[in-house]
Amino acid sequence: MKRSGFLIFGVVTLCTATVFASGTAQADQWTDSGPVQGGTVATLPATSAFVSINAGEDFNAAVGDNGHVYTWGSNSHGRLGNNATTQSHTPIDISATGALSGVSVTSITTGPVAEHAIALGSNHHVYAWGENSDGQVGNGTTVDSGIPVDVSESGALTGITVVGAATGANHTLAVGSNGHVYAWGENGAGELGNNSTVASTVPVDISATGILSGISVREVSAGPGFSMAVSSNGHVYTWGLNVNGQLGDNSVTDSHVPIDVSASGALNGVSIAAISAGANHAMALSEAGDIYTWGNNSEGQLGDNSTTDSHVPVAVATSGVLAGIVLHAIAAGSGFSTAVGENGHTYTWGMNAGGELGDGTTTARLVPVDISANGGLGGVSIAAVDASLALDVGGKVYAWGLNAAGEIGDGSTVDSLVPTLSAHFVPTAVTFDGLPGSALTYTAESVTVTTPAHPAGVVSVQTTESVFGGTASTTFSASKTYANSFTYLSSPTPPPTTGTSTPNPGTPAPIDHLPVVSG
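All the letters of the sequence shown, read from the start, carry residue numbers 20 to 538 under the working numbering.
Keep in mind the hints are simulated off the structure, nothing from the lab. You may find that some hints are simply not true.
To be verified - Computed spacing ranges between beta-carbons, pair by pair:
1) ALA282 x ALA491: 49 to 55 Å
2) VAL345 x ASN102: 25 to 31 Å
3) VAL271 x GLY343: 32 to 38 Å
4) ALA282 x VAL433: 43 to 49 Å
5) VAL433 x SER325: 31 to 37 Å
6) SER325 x VAL162: 42 to 48 Å
7) ASN214 x THR160: 44 to 50 Å
No residue lacks a Cβ here, since even glycine has one placed at the ideal position from N, Cα and C.
Build the full structure now, drawing on both the sequences and the hints.
Dropping the structure here:
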């Protein structure tokens, strides 16, 4: 399993997830039957789910399994991507905006202090929007973009299949299927890694020369002024700003080219699976499920039970709640850190003045605390995290901390010291050739509905879903059509149903074959 800060479902590359093409074409049929009198309790596959999350500067973003992008929170510089600058307190669907129109998106990324966002399409194109003062959007200008633009045909990315991306405060990184790293935007501290301090408004290839030449990179991460990469052999490379030792090379000297820090401090001899860059500290997750951190530690974000900066990687304390825990996802925030264990628990440490840790207090923590029983996370198994944002295994999003711009997404601007249910899909109607079913219920695994009466024959079933932020519904919805999927049987009436109906023999199981998305 890929150990990532923002993807789920056993994904093995940085930006791969299950998505569905838009339209109404027939997908794998799901078949069921019942009498013309109605009254059959029919079961459909589970409601839609979010598959990718990311937290930016006062805003958040998520991708649904329908390939749509949803954003909420602050909207200065157009960071929500909806061609406006008005903040939104609930998720909005921007998939029909700008270059994203007709594109199925697999993942989205934005850094802890970034005001721009990057999305990766299933077509392996990179899309960007938001603040562009240093060319971080990558479209050859320094003008903010309130709508997504396609940057995949700019500069060195022309003709490149992109498989991953990351955003710093004012620069952007991408990974090609060729294992090369591409960078664009601000470069005052050498964060582009091309041995200069000149900004670039279009992508440049930094793998052609220097230490990355011949190295296959599989993941990148970026903070304000510095960059990170991990190679296929588990080595960590860093470059850019180093005032707090965030490069991990036992110095505070900036580097304008990538350096290998895999032999530094506690990383010596350790194979790394995932990385995450915070505001001024860095995290790495080993193949064995252990966490290493370095850089600024003024708030205890390194998790080593101190507030002393470290210029080399140190191991996060495992004598407390992490004792015996194998971790599989990490995320470095702005002065704090978050991780997820294979037990589905969420762990946080570091700065907490705004409730960033979700532990019900505003007290900084020098070692990890377990927040899995707090607020909306009680009884919920978490798959991925990013800063004060979590995604459960059923595809629901939870958020906590500051909320002045509505970044929690629950329809309010009230801060929360504990995790709160944020973006999630809710089925609102099921129809059988246009006739509404009744007694609609749903779980993380399935949707059940009682069929209406209907003349004999084969009908199509359609579900309508709305996206909610907490209990506040948005103004848009999506539909799924199960074409020719339910058969009304005339006399003789089949044996009465005693519960959930059963798909016909030989028909693919519904959970494994979700329908094509329309709307």
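Enumerated hints in conflict with the structure, sorted upward: When the structure is compared with the hints, numbers 2, 7 turn out to be violated.
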